[in-house]
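Using the sequences plus the hints, can you model the full thing?
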Amino acid sequence: MLLELENLTVRYGKQKVLDQVSIALESKALGLLGPNGAGKSTLIRALLGLVRHESGSARIEGLDIQRQGKRIRELIGYMPEHESYLAGMTVVRFLRFMGEMCGLAPRAAMERAHEVLFYVGLGEVRYRKIEGFSYGMQQKVRLAQTLIHGPRILILDEPTNGLDPTARDEMLGLIRDMIQNSGSKVIISSHLLRDIEACCHEVMVLKRGRVVASGNIEAMKQTEENLYEIRVKGDLDGFLAELGRIGCGCRADDREGLEVTLADGLTPRRIFEAADRLGVQIRHFYAKKDTLEDIFLKVLEDELPAEPKLVREGRADAGP
Amino acid sequence: MPVHDMSYRAWEGKCRGPLRRWLAIPKFAFMEAVSRRLVIWLFTLGCVQLLLRLGYLYLLANQELLVAFRFPTDVLPPANAFFFKNFIDIQLPFCFALAFVLGADLIAGDMRHGALVLYVSKPISRWEYFFGKFFVLFSVFMLLTWAQAGFLFLVQWTIAAENTPWRLYFWNDRAPIFGSITAYCLVIAVCLTMLCLATSSLIRNARYFGTAMVVYIIGLLIIGRMLYAELGDINVRAVSPLSALVDLGYHQFDLAHRREMIDPGLIWISIAAHLTLCAVVFKWRLEKVVRHGR
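First to last, the protein sequences are chains A and B.
Letter by letter, the first sequence follows residues 1 to 320 of our numbering.
Letter by letter, the second sequence follows residues 1 to 294 of our numbering.
Hints listed in this document are in silico derivations from the structure and should not be mistaken for laboratory results.
Every residue, glycine too, gets a C-beta built ideally from N, C-alpha and C.
Careful, some of the hints might be misleading.
[Stated by the list, open to error] Derived lysine to aspartate or glutamate pairs resembling EDC-like cross-links, with alpha carbons at most 20 Å apart:
no.: 1; chain 1: B; residue 1: 288; chain 2: A; residue 2: 54
no.: 2; chain 1: B; residue 1: 14; chain 2: A; residue 2: 111
no.: 3; chain 1: B; residue 1: 288; chain 2: A; residue 2: 83
no.: 4; chain 1: A; residue 1: 14; chain 2: B; residue 2: 287
[What the hints assert, rightly or not] Simulated coverage check for chain B against chain A, where a stretch passes if three residues somewhere in it have a Cβ under 8 Å from a Cβ of chain A:
no.: 5; stretch: 11–17
no.: 6; stretch: 27–35
no.: 7; stretch: 106–113
no.: 8; stretch: 122–136
Below, the structure is given as structure tokens:
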């Protein structure tokens, strides 16, 4: 199991930052979603043993964060959210240092530093000092130091924060490549939904320190089974009236487009029959899925549920 | 067709044990230190006294040279406890200078650019981080004081004239001096290192690091002197760790009869209080920065 949390509570002074978080997730790529201040970074820090939890327990890959912190950190590569580098060092030397701290022999650390720098696209600037780098390049350095010892689990905290669209695409491309081409599991914390959607299979949504939704992204998108997007040609008003008569909820979003919600017990066939009766052509028929944004907004709008809303359908390893 | 596969490949080699991982911290800190010309210059200057004293010891052991030049041999003070204590005291300014240069960025540099989080997210404990940084300054201070004084002691013993019982007498009479050198240098190095680590963790700007150190050391020294002038009790000077250290030296080298001294018990309390304060400040800052990430 990638992540097992049981009543995990973390407090900063009097404020509960994580409140009785309980969840068990197995995924190759897990996204931590939530608005600012939801507790994503604190959860990551708790998993790394950087902040002490007040009560509860947490396990990563079966290792207890309280008792096996060092072993966990051997397995993990952590990319911090904020600026993190040693001034005055060249990139390659910095990475060699990080590698040696992870236990690589000096020569192996140097070789690996070169390899990783070429991988993230900083091969040509590896003898330059980090403080002279742009923010996007520094972000890549942070990713490179995460990869230096070939960790089994990568924890990336806001990896695309502050990047321009090109750099963001490059970063997401690297993350997707790592997910596909390595045995490593990835946990990405972000408030950018598209990043999570682009890289992750499972998602965990946090709000005010509690898990408000979690599960496979594809399965979560299919929760609205009775909503259809339809475009028709013909008597739109008559068709709307007919659909209303058979018990469908309708909303015309433009001149020919409709959003139709089927009442319980009705099948989509009834829509086609209604169209046939009125001689209306159905030119587009699409079972509408929620986007991750829809799910996210819906979950955040709701009050905190007593129990987390779990969606367990769908393949755990289903790609986005 | 791609000629080289640039997709991600994980590292599959073996990782080394905790000691080797820890060694990376002082190793890279030393590498950074020796790449600075000022550090090399200060350290070289810190070795000049050693060379002068070595020459002096040579003359002491070869007084016929002085006689040949009609130099009065009886004015040369012997290489006794005071000789070694004085040597260490003269080395202290170099220790302080290197403390200002090396210590300023030791922790502050990691905090300024958020690198502290990188250390503690690696398989390195906070204790290992602390000892890694501690080891850097501690070993520099010990090299400037204990290693050099110890070398002088060794030279003094080995070059003593063969045809006199000097060597045996020296060893019998002066052997405790080596213990005094070791204890005195250890206390100096630990106190100064802890002060540097605490100040560096507290003040991110290297410019103010020296100011803060001077304010702490000289400020407490002045307060101690003022209290002494007001109350007339020598023991109140123990509020200053520097006064306590200086007097500790006299006690260690058995020279306490030379002037009025702070009570040894109070000296140790003063040093313990200083070390505790530094440790508390360091731990508080480390926890705070690790918790908030920067």
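Violating hint indices (sorted, rising): The structure breaks none of the hints.
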